[in-house]
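**Q** Using the sequences and the hints, build the whole thing.
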Amino acid sequence: MTTTSTIIPVAIPTALRAQVDGQSQLEIPGDSVKAVLESINTQYPDLGKRLFKTEGELNRFINIYVNDEDIRFLDNLDTAAKAGDELAIVPAIAGG
Amino acid sequence: MTQNLERYHRQMLLSGIGEEGQKKLLASKVLVLGCGALGTVIANMLARAGVGHLVIVDRDFIEITNLQRQVLFDESDVENAIPKAEAAKMKIAKINSQVTVDAIVDDVNHTNIEKLAQGCDVIVDGVDNFETRFVANDAAVKLGIPYIYGGAVGTVGMTYAILPHTHNGESPWEQAGVATPCLRCIFEQAPPPGMNPTCDTAGVLGPAVSIISNFQVTETIKVLTGNFAAVRDKLLSIDIWENDVRQLKVARAYDVGECQCCKKRNFEFIDGKFASSTTTLCGRNAVQMTQKLSDGEKLNFDTIAKRLESHGTVKANKFMLQAHITDNGEAYELTLFTDGRAIVKGTKQPTVAKSIYAKYVGA
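In order, the protein sequences belong to chains A and S.
Quick note on the numbering used here: the first sequence kicks off at 1 and runs consecutively.
Quick note on the numbering used here: the second sequence kicks off at 1001 and runs consecutively.
If you're looking for bench data, these hints aren't it; they were derived computationally from the structure.
Quick caveat, the model's predicted, so the values are computed rather than measured.
The beta carbon of each residue, even a glycine, is placed where N, CA and C say it ideally should be.
A few of these clues could be false.
Across the chosen pairs, the derived CB separations fall in these ranges [to be verified]:
#, chain 1, residue 1, chain 2, residue 2, range
1, S, G1329, A, R17, 31 to 37 Å
2, S, S1310, A, R60, 28 to 34 Å
3, S, K1264, A, T54, 20 to 26 Å
4, A, D78, S, E1020, 49 to 55 Å
5, S, L1014, A, D75, 40 to 46 Å
6, A, Q43, S, S1310, 27 to 33 Å
**A** Now the structure itself:
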C-alpha cells in the first residue's frame, strides 16, 4: 500500500527566516507535528538547531501551534497534522 | 477630593467605563516597567486616560535614536541627557496635572520588584528582556496583581494579559472565573541571549510598538475598571508588515501544564535562581556580567556576530566574541564568552553595561 503524506503549510517567523532562505512559509509533507518538524530538521538543519534541544525534544523557548492551539496542550509532537491544518512556529518576542 | 472629570467626557461615554469607571481609573496605581518604546506609549495613554498614579521605572537615558518611536521624548531631552523616567514625569505633568508620577531611575530586578509592585493595581510591561519579564511575572503571581505583557521588534509584536491565579483564589477576576495562565505557563524558558533579534540589531517600526502598547493600555483599562470578562484570554501575535494577526489559544496552559510559578508557586526568578549579576572590574573601566544559561546551553557566536557586524568591528573564535560598538557617541568593547559571561568595557556603571548587553545581545 502506498500512502501520500499531506502537505502542511508551516509559518516561519521573521526572526527565523534567515535559516530557511528567507521563506515566510514552508510546505512540508507529514501526518504529525513530529514528522513535519523532523522533515524541516533534515531540509533546513540551521532551523532545526533552533527548534530542537536534542533529538525529539523541542527547545522550551520555542512554541509550536497547530491552528493556533499550542501543541503542548494537544498531543505535543504526536499531534496529528491533517489536510487544512496550519503549523506555526512562534518564538517569544523580547524587545520593547 | 473632588476632581474635574470634564476632560474624560468622551471616555466616560463608553458603556464599559462611565463615571464610575473613570473614578476607578483616577483612584488606581499602575507600575510601568521600562519607559522606552512600549513604556512611553503606555505611560502617555494611561496618563491621558486619567489613571491617577503612575510609577515609572527605567534605567536609561534618552538617545537620539529613541525619538523615532518613544513618544514622550524630544530633542531637548537628548541634549539635556535626561533619564527616561524623569523626562516622562515632566511630560506627563504637562499632559495631565491630575496624575501623580513617581519617576524611578533604576534597574528592575529580583531585589526590588516586590517593593515596586506592592500596592499597585496593575503591572504593565515595557521592558526589553525576558529575565525582567519573568521577575515581573513572579511578582504579579505572588502578590496577585494583573500583569500585561508586551514585546515588539522589527514589525512584529506580541501581547498577553495575565490575570493571575492567587494563593486563595479570592481575587475579583478569579471570582469572575477569568483567571489566565501566567507568562511562564506560555513561555517556559526565556530565549537564550543572542537567539532573537533586538530593536538595536534588527530595527523596529514605530507603529509596531505603538500598536502593541495600545493593546496593553486597553487591557489595563479593562482591568482597572473591573471589566475582567472583557480581557482577552489569548496571546495576540501581530506582524504589521505582513498583515498577519494570530490569536493563539493558551487558556489550557494552567490546567494542563505544571508551571513552577503560578501552579507550584515556586518563584524562582524573584528568588534570584536565574538572576544575572554584574561586577564592576576594579581599575578597568569595565563591568562583568554573568548571565545564567540553561544547563548545557552555549551562546551562538555566529548568529550574534552577523547581527553586530553592522554596528562595528567583530571578531570571534570558539572561545570568545569581541565587538567594538559605538552607542550614543560612546565607544564600548563587548566581549562575550560561550557560557553567557560578558565584559562591557567603556563604563563602570552596571546599568549601562546591562543596557548595552540587552540592546546588542538580547535576552
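**Q** Does each hint hold? Answer for all of them.
**A** Hint-by-hint comparison with the structure:
For S/G1329 and A/R17, the Cβ-Cβ distance of about 33 Å falls inside the hinted range of 31 to 37 Å, so the restraint holds. Take S/S1310 and A/R60: their Cβ atoms lie about 30 Å apart, and the range 28 to 34 Å holds. Range check, S/K1264 to A/T54: Cβ separation about 25 Å, and the 20 to 26 Å hint holds. Between A/D78 and S/E1020 the Cβ separation comes to about 50 Å, which falls inside the hinted range of 49 to 55 Å.
Range check, S/L1014 to A/D75: Cβ separation about 43 Å, and the 40 to 46 Å hint holds. For the pair A/Q43 and S/S1310, the supplied restraint of 27 to 33 Å holds, since their beta-carbon distance comes to about 29 Å.
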